[in-house]
Amino acid sequence: MADSRATPQAQEQDAIFRGTGGGELSLKDKASVQGTPARLLPAFALGEELADLADRDPRIVVLTADLASANRTRDFKLRHPDRFFDFGIAEKNMITAAAGMASAGHVPYAATFAAFSAILGAEQIRTDCAYPRMPVRVIGHHSGMSMGFYGTSHHALEDLGMLRTIAELTIVCAADANHLRAILRASVDHPGAMYIRLGRGRDPEVYPEVPRDFRIGQATTLRDGKDLTIITNGTMVRATLDAAVALAGEGTSVRVIDMHTLKPLDAAAIRRAASETGAILTVEEHNITGGLGSAVAEVLVSGDRVPFQRHGVPDEFVPVGPPAALYAHYRLDAAGIAAVARELAAGAKSGRERKRVS
Amino acid sequence: MSADLAARGRNVTADFLADRAKFVRLETLRLTRICGAGHYSSTFSAAELFAALYYAHLRLNPAEPKWPDRDRFILSKGHAAIGLYPILADLGYFDPKLLDSYTRLGSPFGDHPDMKKIPGIDFSSGSLGHGLSIGLGMALAARVQKRPYRVYCMLGDGELAEGQIWEAAMAAGHFRLQGLVGIVDRNQLCIDGPTEEIMRVEPLADRFRSFGWDVQRIDGHDFTAILGALDGLKQAGDGRPQMIIADTIKGRGVARMELSLDWHVGNLVGQDYDDAFAEIEAGLKPSKVKEPVHG
Chain X
167 MADSRATPQA
177 QEQDAIFRGT
187 GGGELSLKDK
197 ASVQGTPARL
207 LPAFALGEEL
217 ADLADRDPRI
227 VVLTADLASA
237 NRTRDFKLRH
247 PDRFFDFGIA
257 EKNMITAAAG
267 MASAGHVPYA
277 ATFAAFSAIL
287 GAEQIRTDCA
297 YPRMPVRVIG
307 HHSGMSMGFY
317 GTSHHALEDL
327 GMLRTIAELT
337 IVCAADANHL
347 RAILRASVDH
357 PGAMYIRLGR
367 GRDPEVYPEV
377 PRDFRIGQAT
387 TLRDGKDLTI
397 ITNGTMVRAT
407 LDAAVALAGE
417 GTSVRVIDMH
427 TLKPLDAAAI
437 RRAASETGAI
447 LTVEEHNITG
457 GLGSAVAEVL
467 VSGDRVPFQR
477 HGVPDEFVPV
487 GPPAALYAHY
497 RLDAAGIAAV
507 ARELAAGAKS
517 GRERKRVS
Chain Y
15 MSADLAARGR
25 NVTADFLADR
35 AKFVRLETLR
45 LTRICGAGHY
55 SSTFSAAELF
65 AALYYAHLRL
75 NPAEPKWPDR
85 DRFILSKGHA
95 AIGLYPILAD
105 LGYFDPKLLD
115 SYTRLGSPFG
125 DHPDMKKIPG
135 IDFSSGSLGH
145 GLSIGLGMAL
155 AARVQKRPYR
165 VYCMLGDGEL
175 AEGQIWEAAM
185 AAGHFRLQGL
195 VGIVDRNQLC
205 IDGPTEEIMR
215 VEPLADRFRS
225 FGWDVQRIDG
235 HDFTAILGAL
245 DGLKQAGDGR
255 PQMIIADTIK
265 GRGVARMELS
275 LDWHVGNLVG
285 QDYDDAFAEI
295 EAGLKPSKVK
305 EPVHG
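Protein sequence lines, in the order shown, are assigned to chains X and Y.
According to our numbering, the first sequence holds residues 167 to 524 in order.
According to our numbering, the second sequence holds residues 15 to 309 in order.
Simulated from the structure, these hints should not be mistaken for laboratory data.
This one's a predicted model, so the numbers in the text were calculated from it and none came from an experiment.
Incorrect hints may have been included.
[As the list claims (entries may be wrong)] Ranges of calculated distance between the beta carbons of each label pair, as one might list FRET restraints:
1) X:D223 x Y:K248: 30 to 36 Å
2) Y:P82 x X:D221: 19 to 25 Å
3) Y:L275 x X:E334: 35 to 41 Å
4) X:D221 x Y:H188: 46 to 52 Å
The beta carbon of each residue, even a glycine, is placed where N, CA and C say it ideally should be.
Excised from the complex, chain Y in its bound form (with noise of 0.2 Å):
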């Protein structure tokens, strides 16, 4: 097993980091042009999260893909999966050249990831609302199994509207899973419109805390906080699952793209896709979308 993937608190660089969220960046554009649809917006809020995840937190071994004392990642928001596989493949799991075959007849790889066919996804998803509950499910399972991973479990806002999400968060405070953490990419839309205007989800850290959560509200582009967040999940306590509500903007990285309702799903050709490419290139500037207002 490679020993640095096998710790969390993996000892990298800002810029190594945001390095590989460009990466995630450039292989969604990339990947998206294969079929002409690709959910862009979801996954660039996402991309600081997962490279902070992948290569310096979670505690992984590629080349045994179902270690059973492996964290666990579940992409509740299964369909940021574009911006996961590369990842995936980056690290071992797979060849990179399998990413070419996207979304064509037979691949492994769909819109959705499956845990069939792709080493490193480690359950599928895609309806919404089922993530958190297949979290407790791994989560209860290691405490049975005495085993020392954590479950890791992305959400989206949107996706807070679900009703499961909230029984699955009541019973997790119920039984105490603090080996369950939650992080939320609170990316302020869901496809018809802000969250808070088609279904209000804040205020969210007081809601989660109600529900017997320990709560931490992040900066969920900037690695200094991600990497914060993650270092102070709690090892030993009053047992509470761990809920990190990361700040995010739907689109990060393309102007054009940042907190607009047009590139939920879409598809960027010709001049279009090499000028995104290119900003891209250029690293993530300040963004010029307004702070999202919450509570």
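One chain only, chain X, in its complex shape (with noise of 0.2 Å):
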């Protein structure tokens, strides 16, 4: 931990980057810490529910680069020792050799930090997992921007849009702890490689309990509206979701989509949520190019139009801050979101009026 000297910035980047802060605590029984709307799940769910379906499962093997305490897969490490292995700051070997491991009947899951599994092992994913379809699990976490100052080398703003091209590559980025649980269990039997895509593991709550209902490739309505669907997912979700409970009080109905699987992309509830709610906002930590909002772009562009807006980060490197500051700065905190949406409810709305009037 950092030392009593440092800024609470930079403790809070300390424990961002070694995945302390939440402490021993056991995500099973102590699932959040109470006392605020928004909980704060203390740290990686990743190693403990990991190690909870090797229990039940012996193809589950698991890889890190160098960052088993930061991904908690540590927490794995310690239940099944024979079945983990750290691969040292080495990713694209880590990738590849996990594809050799799921050649011989494994299912590998094999974690580090967005940046470097994603980006720097995409050529590893494309051709040794995803093309000859191995169920390789690759995990990015600490994706979008939330090293904050540690800066652009550690950050993934371009992982969706650069993977989202790879053909029979499955896509899944997960919100909470909870979420990434369902995920997890369901991603040891799905066909072919994955990519799933992790905040930095504190991130606050959305699901209070694992959903039950989870379906990679089916997107989750988690609020209804009418004037307007919000599409989201992973590290925005809550805040969306918070925006969408501010716009309510000003008599803005918002839907609330949580597009998780970005790839199959659940095209039905896109065109249901446009001609139900008349406008789509996409919200998403990533580069305005190629991720989410341009998905959803290539789904909208072959039917009626209804107004749409991209919100994101814009197509810049993101300036040195911490996290929170940086989501403030790009309008992607709660607040700015539903700026950004308040706008576009409004400009569909007026636009909506005057046709009723022409």
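Two chains, two separate frames, one set of hints: put the complex together.
Written out as structure tokens, the structure reads:
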């Protein structure tokens, strides 16, 4: 942990990097810290959930690249030391070796920072995992700009755009720890390769319990509304829900869809939302190019025109700053998302009124 | 299962193996003519290694290509697949007639091998530098599952410039994966010139030893040496992964191709094809190219 002289932000970053801050809490017993509406889950459920799954499934192995603490795969190592492999700082080797293990019957989960698992390992994911249909689960944690002032080398604001162009690769984004558990459970027998994108492991709660109705490829409507739909996923779901609550207080009714599976995309849910709510906003912690907003646009372009806007990180490298400051800077916190949605909803409303007049 | 293929160290004669290496070269000529561009010389350098591995050494069961205890073979230098396909057909993995579709639209057989489409291919390859990591993963799986198979990975010398090879080499030494066997087809040339001019790989044995490997260095066209090295692989000991550096000649078997930069990818037509065919048919003669200088 950071020493006492460190600023609160520095302590925060230290905890983000090390995966500490939750101490040695067992997530199963103490799933959240009570007292706030958006309860903080203290750390990754990753290692614990995989260890639970591995108790029942001998195929599961876990690999990491010198980040067993940061991603809590050490929780798996403690329970299944013979099925845990630390590759050191060699991500390409880790991902390709995972493919080799998969070819021999294993279901490997290979986890490291998204900047390195997805961006550095993109070719290994395509050539060794997706193309041969190996059931490798590449996990990219600390995605987006959640590494804050570690800077662009440690950010992954391009991972979804890059990986979305790989055929047969399934891409799922976890919103919180309970969601991650559901994703991991569904992933074990899922055919082919997967990329699972996580936040920094201390993400505010979205799902108060492990969602039982979770299906890969089937979007989850978290809140219904009639004036506008916000389609989001992963680390942006909590802030989007909070924005929807604020907008409801102003009389704007917002549907919120967790489009957790970016590929294959639930196009039906997008088309339904367009026809039923008349306007679509996408919100993503990703470069505005190529990610969720682009994927939704690809669906909407072939249907009836509705007001549509993509909200995310503009096509630029982000400045140095703590994560919370970066989210505020890019209007990707609840207040910022509400402001963007308010503008779109107002435009959509006046458009509808103009239509009625004419 | 055909018992003869399920055991290592099978009793075959050097003449038989030489005939199978000749078969590899002739099939490479034939198949290349279908598509008009083939990796002749990278395949010719590996012909004796292919023959020794598949006809004398690897534990296989062509009737059950996914037999869990089979030895694995990864052709990390995937561009030599044109020499491997005929062997798999010859061993009964698939109908040899299928090879006539080589590289034609929808064929299982492209320039690089595809595990989804070809029985007997243990992993797809083509992107150089990946194969040793694949083998590492397979060897780790053998350890977890307590299976007796070995993993053999054939590497090109040019691809040793890829950093991932050394990530895998370091990890194999670290994990003490004795069941992982690397074979470098040290044919001295990459595409742009001799490896030692383009990107130096020597002293190769020292480099692998320093990464924790047991290393043998042999003449990769001499069956006695190849079989000696394969038979000499350790079953137990200090756990070091095992590397065989096979000194070979790129293009071996067709004089005009030997250590020539012009035949990495090529197409023989007309009289040239017939001449090369006849030269291979006549059998390997002592090479006229100079012995490589290593170090």
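- Which of the numbered hints are not met once you compare them with the structure shown? 4
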